[in-house]
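Chains as they are written, first to last, in my numbering: chain A, 1 to 253; chain B, 1 to 292.
Source of the hints: derived by calculation from the structure; they are not laboratory data. Where a beta carbon is used, it is the ideal one built from N, C-alpha and C, also for glycine. Only true hints are included.
Pulled a few chain A residues facing chain B out of the computed Cβ check, cut under 10 Å: (1) Gln166; (2) Val237; (3) Met245; (4) Glu246.
Restricting the straight-line Cα-Cα distance to at most 25 Å, the calculated cross-link-like pairs of lysine-lysine (DSS-like) are: (5) Lys210/A to Lys189/B; (6) Lys292/B to Lys121/A; (7) Lys159/A to Lys227/B; (8) Lys98/B to Lys253/A; (9) Lys158/A to Lys292/B; (10) Lys253/A to Lys227/B.
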Amino acid sequence: MADKITVGHVHMSGCTGCLVSLADNYGGLLTILDKYADLVYGLTLADVRHIPKMDVALVEGSVCIQDKLSVQEIKETREKAAVVVAVGGCACYGNITRFARGGQQNQPQHESYLPVGDLIKVDVYIPGCAPTPQMIRNVCVMAYLLLKGNKDQQELAKKYLTPLMQLAERGTEACGCDLMYDIVNQGLCMGCGSCAAACPVRAITHEYGKPNVNREMCIKCGACYAQCPRSFFNFDVIPEFEGIMEAIAGALK
Amino acid sequence: MAGELGKYKLCVSARSSDKAILSKSQDGGIVTQLFKFALEEGIIDGAIVAGKGDEPWRPRPFIATTVEELMSASGTKYNISPQVSWIKEATRSYGLDKIGIVGTPCQMQAVRKGQLYPVGLRDVPDCIKLAVGIFCMENFPYQSIVQLVEDHAGMRMDAVKKMEIGKGKFWVYGQRGQVVQLPLKVTHKYEQPGCHVCLDYVANLADVSTGSVGSPDGWSTVFVRTKNGDDIWSKAIAAGCFETKPIEQVKPGLELVTKLATEKISKNQKTVEERAKFGVSKGLRNPYLGPK
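Can you build the whole structure from these sequences, using the hints too?
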């Protein structure tokens with residue numbers, strides 16, 4: 001028990017879909033909570049009022065800057081958590097809250113929503129809407145190995161998390177356009193189709209082997225770019241897929 | 001074993017023992033035969049293959065759930081089929097729990113990245129049950145193939161029976177029996193640019209990878225790479241699906257595979273390095289250094 005890490009779920013302006021996705025690990029979630037992580041904060045799951053000190057904060061949702069409590073809580077999260085993970089498109093990039101202009105009852109003046117990274121430093125990104133249960137699971141296991149594992153495990157976790165940390169450094173804007181700017185325009189697209197598969201709103205089709213993004217449909221979740229093997233491909237991790245998949249499956253048994 | 005040929009447990013020269021498959025296949029019919037076996041044995045519920053698209057020789061990824069559908073997709077098309085685009089849909093619209101997928105080395109990289117970093121691939125990582133990779137020096141956009149066949153080879157697209165790259169040439173076989181060969185010097189400029197940063201020739205990340213290079217005509221070189229691949233391959237061998245020969249006993253053998261793999265990887269490694277200083281104090285992105 002003493003070896004567990006402490007994790008909190010911090011809920012900003014999001015739809016709780018990310019939390020549902022975490023829960024969709026079913027038995028795997030119970031194993032995570034049983035063996036690896038104590039949930040020390042979470043609106044719906046833990047009876048704790050104020051943000052406590054914790055190893056990992058999983059932040060869902062963007063920050064409404066007209067809502068004083070949200071702003072205060074996100075700043076507090078940065079102070080209290082060793083590692084801040086932006087979970088999901090809203091926390092990473094604003095996602096659909098990028099289209100919010102206020103007017104909703106009962107707080108019509110709540111009109112400005114910012115990705116978490118515009119207000120505090122974020123360490124790790126998990127893009128997507130919703131982020132997948134398996135991606136959240138993999139990051140949870142790696143976060144545990146990073147903080148509590150042996151030397152080899154720490155090394156692996158560091159390598160695994162590096163591109164997700166680099167995504168956090170890359171910025172708080174995402175769009176299907178990234179596929180054009182940073183992949184096709186850069187001469188890197190080879191037409192594998194990953195982007196179309198990753199898109200949660202089916203905004204991407206392929207015309208003669210290259211992505212065609214319906215920008216009216218794009219919700220700016222960042223999944224397509226992060227999924228693309230030409231956004232990042234780390235040769236020190238991915239070729240070891242067999243062992244890593246086995247290790248993750250083993251950890252969740 | 002690692003290096004330019006990737007890790008593998010076993011390498012053989014093989015061909016399908018099914019005459020119907022061989023009569024339609026590019027080389028040894030390995031992909032079609034292996035998926036047929038996996039489908040029949042319930043190892044996979046369906047396979048994402050490159051089937052016929054809207055125009056002649058334009059492939060379209062589709063999900064084959066029967067042997068007839070598999071057979072209709074056999075043969076190499078030499079232009080882009082975004083195989084991975086169907087990988088989530090396979091688990092959704094088609095309800096598959098056990099997916100097979102065939103693809104180029106980059107597509108195998110995409111599949112493995114998708115398993116370790118399933119950013120937008122909900123429930124996909126644990127459903128991939130057989131990933132078959134094909135050797136690939138480079139791929140072409142569809143319009144490039146049209147240009148090569150119609151302008152350079154002077155043949156109608158719908159009159160082509162088979163295309164092939166081998167023995168240093170691009171071969172176009174017509175349905176009336178005519179054969180046109182183009183030197184690769186002609187084809188190079190039509191290649192898909194994204195292929196020039198690819199550092200994998202023999203689909204190092206597949207469960208099983210295969211291609212003609214290294215084996216005699218009508219046979220294919222096969223690398224069995226993962227535990228899963230080994231398991232399926234051994235079962236297929238036990239079921240009599242394939243004739244095999246030790247790779248050491250065939251010509252031109254592994255030596256040629258190694259030579260071509262080394263050529264491709266060192267050339268493209270150089271391209272990756274040159275991209276870093278493409279402009280004046282400014283370069284192009286290197287995906288192997290991260291997403292920025």
